[in-house]
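If you want the building blocks of each chain, they are given just below.
Protein chains: 4
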Amino acid sequence: MLTYTHNIKVRYAETDAMQRAHHSNFLIWFEAARIDLLDQIGLPYQEIESKGYYIPVLSAQVEYLKPVSFNDQLSIQVMLKEKPKVRFSFQYQISLNNELMAKGSTEHVFINKQNNVTRIPDFFTEKIARCWD
Amino acid sequence: MLTYTHNIKVRYAETDAMQRAHHSNFLIWFEAARIDLLDQIGLPYQEIESKGYYIPVLSAQVEYLKPVSFNDQLSIQVMLKEKPKVRFSFQYQISLNNELMAKGSTEHVFINKQNNVTRIPDFFTEKIARCWD
Amino acid sequence: MLTYTHNIKVRYAETDAMQRAHHSNFLIWFEAARIDLLDQIGLPYQEIESKGYYIPVLSAQVEYLKPVSFNDQLSIQVMLKEKPKVRFSFQYQISLNNELMAKGSTEHVFINKQNNVTRIPDFFTEKIARCWD
Amino acid sequence: MLTYTHNIKVRYAETDAMQRAHHSNFLIWFEAARIDLLDQIGLPYQEIESKGYYIPVLSAQVEYLKPVSFNDQLSIQVMLKEKPKVRFSFQYQISLNNELMAKGSTEHVFINKQNNVTRIPDFFTEKIARCWD
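Protein chains in written order, with the numbering used here: chain A, 138 to 270; chain B, 138 to 270; chain C, 138 to 270; chain D, 138 to 270.
Treat the hints as calculated values from the structure; they're not laboratory data. Yeah, the Cβ is synthetic: ideal placement off N, Cα and C, and Gly gets one too. Misleading hints may appear alongside valid ones.
What the hints assert, rightly or not - Mimicking DSS-like on lysine-lysine, the simulated pairs with C-alpha atoms at most 30 angstroms apart in a straight line are:
| id | chain 1 | residue 1 | chain 2 | residue 2 |
| --- | --- | --- | --- | --- |
| 1 | D | K264 | C | K240 |
| 2 | B | K240 | A | K220 |
| 3 | D | K240 | D | K222 |
| 4 | D | K203 | A | K188 |
| 5 | A | K146 | D | K240 |
| 6 | A | K240 | A | K220 |
| 7 | C | K250 | D | K218 |
| 8 | C | K250 | B | K222 |
| 9 | C | K240 | D | K203 |
| 10 | B | K203 | A | K218 |
| 11 | D | K264 | D | K240 |
| 12 | A | K146 | D | K250 |
| 13 | A | K146 | D | K203 |
| 14 | A | K220 | A | K250 |
| 15 | B | K146 | C | K188 |
| 16 | B | K222 | A | K203 |
| 17 | C | K203 | D | K218 |
| 18 | A | K250 | C | K250 |
As the list claims (entries may be wrong) - Partner residues are not named here, just some residues of chain A that face chain B (Cβ under 8 angstroms, in silico):
| id | residue |
| --- | --- |
| 19 | H160 |
| 20 | L164 |
| 21 | I165 |
| 22 | Y191 |
| 23 | L195 |
| 24 | A197 |
| 25 | V199 |
| 26 | I257 |
Using the sequences and the hints, build the whole thing.
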């Protein structure tokens, strides 16, 4: 499994009139953690794009367990539990002081510049394999 | 069932470097459609809040079927298929020229100002019942 | 002068914990109005981009006169008061029921795919001239 | 003068179809830096709100000097150059590897829960005075 924990402070712009972080931001935080995981294992997303690939989101789901507030210091843990085949997914857990606030998952594929689904490029598979615990 | 179709044009600010609408916006559009549905049946969300209630999102899920681009004129259809009990859900379909681009659902409860889950207030249940087809 | 009025309802996602529309959204609404103005005169921004040009924002300024709230139905008036030379600007007025809530302006240039400032392409100048009052 | 430097990495969600950070995000980053400055001098914004005050933005202006890209590691420097009277302003400089990418300013007042402008509360003035260099 690969995992990474991305830390954020909830921005004022991310709050809503209910005095919570708006629920759409959780997808943005998931993505930030996912991109940091890729950075950390030497696969920066901008290099993946510069090689002609994108990794769009096919589906996403979030469970909001506790309300998250302005300036909360959240840990966004992202986990890749299975080595990517064509279709692969990340799991997420958002915590505040070790209390679980939300969890979720996203599913992905690789596509090329023509918007067609492709097999996962070798440079990606190999790097993942090398870093796998 | 109750249903409403909210129309939007994809804003430039909603696009990302992949030249698509960023996937987090779909939750924002779902919400805009949901609020319009409530407006239309005479239950504007600001009145629900002014009576001391909130309707937070407990969970959300989205399937992204086709890429959505800048300035696309999207129809966001929201459906309430079962009369709300304590926990209730909305379904969504996003279309471009009658082609289905995405679908999803959100789950909700009513909470009060103290952040406690409450039974659904009568004014809400009655209005829903009166508008039900 | 060219002018266009874009109408929006303030989305819940656009509010913040101060129970107002967050001030960053005003730039997004200005942009939506600007793009609608271009659409209306037959210069859709996606065509400008497909011809190899972008019109980035060089500077922006906003004055927030009155607080704007959830579900407010705002009119975003955009004005192009002088025919574009190399550097040109749009003015904006945001109103709620004819009361002025905010105003602002943005400055722009044309750039090409290589990120260099270019003179304004003829197809743009000519269309502007034809629509000018 | 009081100053603080807030560091961010540009999120994918903050990019737009022009492959840059969308210009509205700069106001959000200014705000995050401003809030960190207040945190650092012992005036966390959530405490200011819990005492019944808000510090809305009266005006904002941004100059975009260089395009900012996905995953850029930006330094957002915020400066309070004059001790707050009723109306006060912050200045900002956004840098990437010591190159100035953008600059701007925001103007503010204190308001109370009734949305009325108030004099700046003593706890605020005193804390600012104590930290002033």
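Hints, verified against the model:
1. K264/D with K240/C: Between K264/D and K240/C the Cα gap is close to 34 angstroms, so the pair fails against 30 angstroms, i.e. violated.
2. K240/B with K220/A: 27 angstroms, holds
3. K240/D with K222/D: This hinted pair holds, its Cα atoms lying about 23 angstroms apart.
4. K203/D with K188/A: Holds, at roughly 25 angstroms.
5. K146/A with K240/D: Distance of about 23 angstroms is within 30 angstroms: holds.
6. K240/A with K220/A: 21 angstroms, holds
7. K250/C with K218/D: Given that 30 angstroms is the threshold and the Cα spacing comes to 39 angstroms, the pair is violated.
8. K250/C with K222/B: Violated: K250/C and K222/B sit about 55 angstroms apart, past 30 angstroms.
9. K240/C with K203/D: 25 angstroms, holds
10. K203/B with K218/A: 26 angstroms, holds
11. K264/D with K240/D: 27 angstroms, holds
12. K146/A with K250/D: 25 angstroms, holds
13. K146/A with K203/D: Cα-Cα ~27 angstroms, so holds.
14. K220/A with K250/A: Distance of about 24 angstroms is within 30 angstroms: holds.
15. K146/B with K188/C: It holds: about 22 angstroms lies between the C-alpha atoms, which stays within 30 angstroms.
16. K222/B with K203/A: This hinted pair holds, its Cα atoms lying about 21 angstroms apart.
17. K203/C with K218/D: 26 angstroms, holds
18. K250/A with K250/C: Between K250/A and K250/C the Cα gap is close to 17 angstroms, so the pair holds against 30 angstroms.
19. H160: 4 angstroms, holds
20. L164: Check passed: Cβ of L164/A comes within 4 angstroms of chain B, closer than 8 angstroms.
21. I165: 5 angstroms, holds
22. Y191: 5 angstroms, holds
23. L195: 6 angstroms, holds
24. A197: Because about 5 angstroms separates A197/A from the closest Cβ in chain B, which is inside the 8 angstroms limit, the hint holds.
25. V199: 5 angstroms, holds
26. I257: 17 angstroms, violated
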